[in-house]
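Student: Chains as they are written, first to last, in the numbering used here: chain A, 445 to 1181; chain B, 445 to 1181.
Everything labelled a hint here was simulated from the structure, so no lab data went into it. There's no promise every hint is true.
Treat identical chains as interchangeable: a pair holds within one or across any two.
List of simulated lysine to aspartate or glutamate pairs, EDC-like, C-alpha gap at most 20 angstroms [as the list claims (entries may be wrong)]:
(1) Lys464 / Asp643
(2) Lys457 / Glu1001
(3) Lys464 / Asp1091
(4) Lys464 / Asp1069
(5) Lys851 / Asp985
Here is what each chain is made of, one letter per residue.
There are 2 protein chains.
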Amino acid sequence: MSEGFRAIGKRLKRPDSGPKLTGHERYVADVSLPGMLHACLVLSDHASATIRDINGSDALASEGVVAVITAADLPEFARDDEPDDRGMFFLAHRRVSFVGQAVAVVLAESSAAAGIAADLVDVTYEPLPLVAGPREARASGAPAVRAAHPDNLTNQAHYQRGDVEQAFREAAIVAERGFHSYAVHQGYLEPRAVVAAADPTGGVTVYTPTQGQFAIRTAVARVLQLPETDVRVQPMTVGGGFGGKFVLLEPLVALVALVCGRPVRLEMTRSQDFVATTPAPEALLQVGLTADSEGTFTALRVDMTFDTGFFSHSPYQQAAIMIGANYRFANLDIISTEALSNRTGAGAYRAPGRTQAAFAIETLVDEIAEQIGVSPIELRLRNVAVAGDELPNGTVWPPLELTRLLKAAREHPLWTAPCGDGEGVGIALGTLVGSVESASATMRLNADGTLSVVVGSIDLTGTTSALTQIAAEVFGTDPSRIRVTTAPSETAPHSGGTGGSKILYTVGNAVIEAARDAREQVLAIAADALEAGIGDLEIDDERVGIRGAPDRALTLEQIHARTVVMGSSHAPVFGRGTVANPYKAPPTTVHIARVQVDLETGQTRVTGYAALQDVGRAINPAEIDGQIHGAVAQGIGWALGEALIYDDDGQLVTGTFMDYALPHAADVPTIDTRLHEYPSEYGPFGVKGVGEMPSVPPAAAIANAIANATGVRLTQLPMTPERIWRALAERDGQPRG
Amino acid sequence: MSEGFRAIGKRLKRPDSGPKLTGHERYVADVSLPGMLHACLVLSDHASATIRDINGSDALASEGVVAVITAADLPEFARDDEPDDRGMFFLAHRRVSFVGQAVAVVLAESSAAAGIAADLVDVTYEPLPLVAGPREARASGAPAVRAAHPDNLTNQAHYQRGDVEQAFREAAIVAERGFHSYAVHQGYLEPRAVVAAADPTGGVTVYTPTQGQFAIRTAVARVLQLPETDVRVQPMTVGGGFGGKFVLLEPLVALVALVCGRPVRLEMTRSQDFVATTPAPEALLQVGLTADSEGTFTALRVDMTFDTGFFSHSPYQQAAIMIGANYRFANLDIISTEALSNRTGAGAYRAPGRTQAAFAIETLVDEIAEQIGVSPIELRLRNVAVAGDELPNGTVWPPLELTRLLKAAREHPLWTAPCGDGEGVGIALGTLVGSVESASATMRLNADGTLSVVVGSIDLTGTTSALTQIAAEVFGTDPSRIRVTTAPSETAPHSGGTGGSKILYTVGNAVIEAARDAREQVLAIAADALEAGIGDLEIDDERVGIRGAPDRALTLEQIHARTVVMGSSHAPVFGRGTVANPYKAPPTTVHIARVQVDLETGQTRVTGYAALQDVGRAINPAEIDGQIHGAVAQGIGWALGEALIYDDDGQLVTGTFMDYALPHAADVPTIDTRLHEYPSEYGPFGVKGVGEMPSVPPAAAIANAIANATGVRLTQLPMTPERIWRALAERDGQPRG
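With the rest of the complex left out, here is chain A:
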């Protein structure tokens, strides 16, 4: 792959792998500032209640405690019990609306002291009626979670095309089912944590492992009513994000730091993180799919509901678009509704909404294939979307490569090998439109001829190594001579948040422009010094010389010296890229899962896995492999084990890693990654977004493999052994209650 390049396509080590593997990496929990206080949140243990009293006297008397802060201690603007925006949510004032809502902050001289004292804060609640989940939210007579939404419905997307009812009436084949996905947690290793310190000039510095520093700055500045130039965000190494590390605790901790006048570090415990953060929401889907006798799909009908907890931030719209996007439907009717409940607010998790949508649609596609007796791949090849097809919302697909990937999958040994008893193979595909955003970058030449590239983007997925390769390729030097750094918000070039699989796609182009600019400046200086035309010059690693005249050259170090010598007439080499990239280049993928189901117990193991993905251009194939490995592992968790289950009182009953079943290493098979390079027109060197894509099909592919192995269709995620065992019993006419 990627031949003819100097740096692109090489398997480069991540610069952060050493520190992370050796335990030397520093995270926000390692930040220690002079005079720093440790904060512990007191969380509501009621899902809906009036606060009658908060008695902090025992906590205050506890050793090492400096203060117990409640909403009464905060300025008026921070006492709103129903703000629209989670970032404006500080401490509960008159009532609580979900288990895990922050009610008070204990500040102490140590983290242990704060934790002990937090348990001593005595909050008196008077329970109120509650909405425990999405079903309850839509039941008639349900209490209103928020006054502004008496029906508990915050948003709805509705996409229609053709006449679905007629198509269903006339369909040769119909597959229709209800699906249910439990909420899942992003499962990052590092619980949420923030450090904030007031600046002596009146501003505030926030240290946070965020996916998007500029969004944090804007949020903190807005809620604290400071100019953005007074808010410094120091992005810290992210110990896992996956969509979960956007604005949450930062405004609260910044405000507490300003109120108490000392730096404050707040680290959530694992349990707090489970109950109080922003998981991927529970979803209920009713999906019907029809086809004619040749297997051409004729209609799609969807009615789905996303729980969004107390804050509107569910992927109801993304799911509505994607569920009808991967195949051609002459007729479709998709309604997707977002419903409030007395739960912590929903958040983003890697390809938000698409995993739930793919689970449903890919299951029904397989059922249709079964009904008409063609292979799942053949049926998909007859129906998959191609460039020019419309998405449900009317936007038109740019080139997308599902057909090529399906043809490749058809030959994959994991697909073609026969299955033994209890063994099955399943396939599922995924698409992602991807986000686009503008971005900037700089490239500077250093005194020793090395080059510094500065960006504002947060590296979650290894973008630093890929940006290094892009910069090296464009400039004409070895990646080892280039260092890419994420500057803090105060000085960084702009970047969008790390989400939507867009960093390499957008910031990569800014780096190209910066490197090209720096290269042109270097060539101009060399042309002057060597008395040559710029067109006759080339950069080869550390030398700038005349093509074909190897003795007439300057090193990059000499070029730099010419710019910084006193009285120089050359400006410092300082390349700048600032670009817009409004064009989308959707990646696509086909996953093949092989499973072994223990037909007695329902216990299921994924025994083989392949992911074929169109990545546009594999800048650093090692990083992409890593992204796919991680996403598939997460997908296996979502498919087989993970669920945030809330009881009727709105209490989370799976709030520890004993109950919340993340996959272990032994649960993840060898994953065969196949990177297909169909370069996009707009991404750097043809790049398409890669990070979220491989999260979309795993649950669907595994469900299809289980059906292939057992003949039963699971419609609920996760597909636990118990559920499989019950489904098998039902198949055998022995339903088990």
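Mind docking chain B on chain A? Use the hints.
Tutor: Relative to the frame of chain A, chain B by itself:
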């Protein structure tokens, strides 16, 4: 002054004044890193000796001590006893060459423990012959301080023009004297201190209150043999620099941090700083000046020697150029020699070499005026250099404004008021060629419409406020909406070190270019949105609109939103400036000092002071006033009290603030600053360098005032009461030993 501007010429408060005045500013001594060790240097108490033994066992046994590091613990490259460069000087290996040379580093868990243990390190020395100072260095048979320089002479400048001997023979009037200036310390409040920490990736981060972060990075990278991308310099607030805060301890502390594997903080005590850093050197000058009977100068003859200690870094050349630069001489012969001695190496101190040179030449000019009976100002007006005149080294003066300043001084009340008994008034002038260097800067638009300017220069003198004003003026907004930040070396645009009065002159132009660039980008986006021509648009504070149509406008916040909305076709607003400024714009000054001499005791008080300075353009007049106030205060110290005096064994005998007489507030009169604006062609808005200029004339002006008051000429700095008393006695024919 500066009318018609929005921001230029306003008296803006320094952004750092609040934190500094309230004690909230954080300095390098406040940096505390996890696992950090505290270092204390063991300094040589011999000026020249062989090291027979270093016994650290008592120190190691002392409480809290972790290690005692000597040259033997350092890599081979760090054991050179005669490196050319002070930055390559780690720990003495086989011998010591000055009192204060570092022999060992004690590392302990606290600063106190390190200090106690440092006293317990037992070093056995065998004394060697030494060179105690500049006179001894040039004596025949003097031992060689360095093997490479058997005659102890490292550098010499020799400038000649015409026939000086003939001019002296034919001169109507001759004034000739020997002058002597003791070494002086920069007198910064914050002793030298550095923190360094090894990075887990193999690099190092250095926290230092440096005047030039890029020079530190290059030095540390070179000596540690790391690429510059592996060396991070975090410039800390400088607690006074004045030329003294360049590379010194950084390579040593970085190396020790790498060797011991833990972060290390080294803070010098005040006494250590006195003996071991880089003071302005002692100088011996023999100067002769001739004139014809009309008072036109005919020749200048100079032979001067600068002590440079153990490292060649004295301002022998700058002094040689400036002593013959301010007046026209048809004939001149200037020899300036740099001599080694067994003292700590010489360093820069505000206008290096010029103060000593001005003291000599301005004294002789006054003597000639006295001899021919014209006023000192009249004589200067007849002889001062004007544009087109040559400096001793052959470069040609660009426009310089000595004539205009002298004419203004002639009218100044401090000059014209009569003098009482023991009262005198003196005048002296100064020039400075100033340095030029290339520089870069960026300007970014933030979400709330504020603007972030990023530079790499260190603010010593208030350049941040002036750069803010420049950015505001060019962009078209209020300075309160702009924040100028110095980024650390890893991400900063390039800047030269803060020295040579060049930051505003050079970085200011980069900021102009960045602001202009950002402005053009904003206007282009607004033109697109408002469907208007760019030429019809204007920026007024936070609005961008069509001239004459106040309702058709966008706020800067709206402009930003258009660049960062998903799918935007506008790139983020990101202005970049990278400029060369090879042209010099010399500032000039005339100082008037009034003194009251107690004719019984020699006690002298400066009772009035005026400084007239051509600043080109006063961007922030308050800052310039502050620069002049500080420089004059330092000049009074140099004139009347400060001296680093070494005995015959090379021991510093004035190494505390009890012995080293910095001026007190009561010693400094009200200083009348008169800022003249004769804009330069090349500086931003006409700026000329201002920081060093007012350091040049004070000692000379005060000496001339004392002569005016008493009739005696002091030729030695400082002019202590004792020296004045002795001179008065000599005048009265009662010499006092």
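Student: Are the hints correct? Go through all of them and say.
Tutor: Verification of the supplied hints:
no. : hint             : in the structure
1   : Lys464 / Asp643  : between (31 angstroms within a copy, 12 angstroms between copies)
2   : Lys457 / Glu1001 : neither (26 angstroms within a copy, 40 angstroms between copies)
3   : Lys464 / Asp1091 : neither (38 angstroms within a copy, 56 angstroms between copies)
4   : Lys464 / Asp1069 : within (18 angstroms within a copy, 52 angstroms between copies)
5   : Lys851 / Asp985  : neither (41 angstroms within a copy, 60 angstroms between copies)
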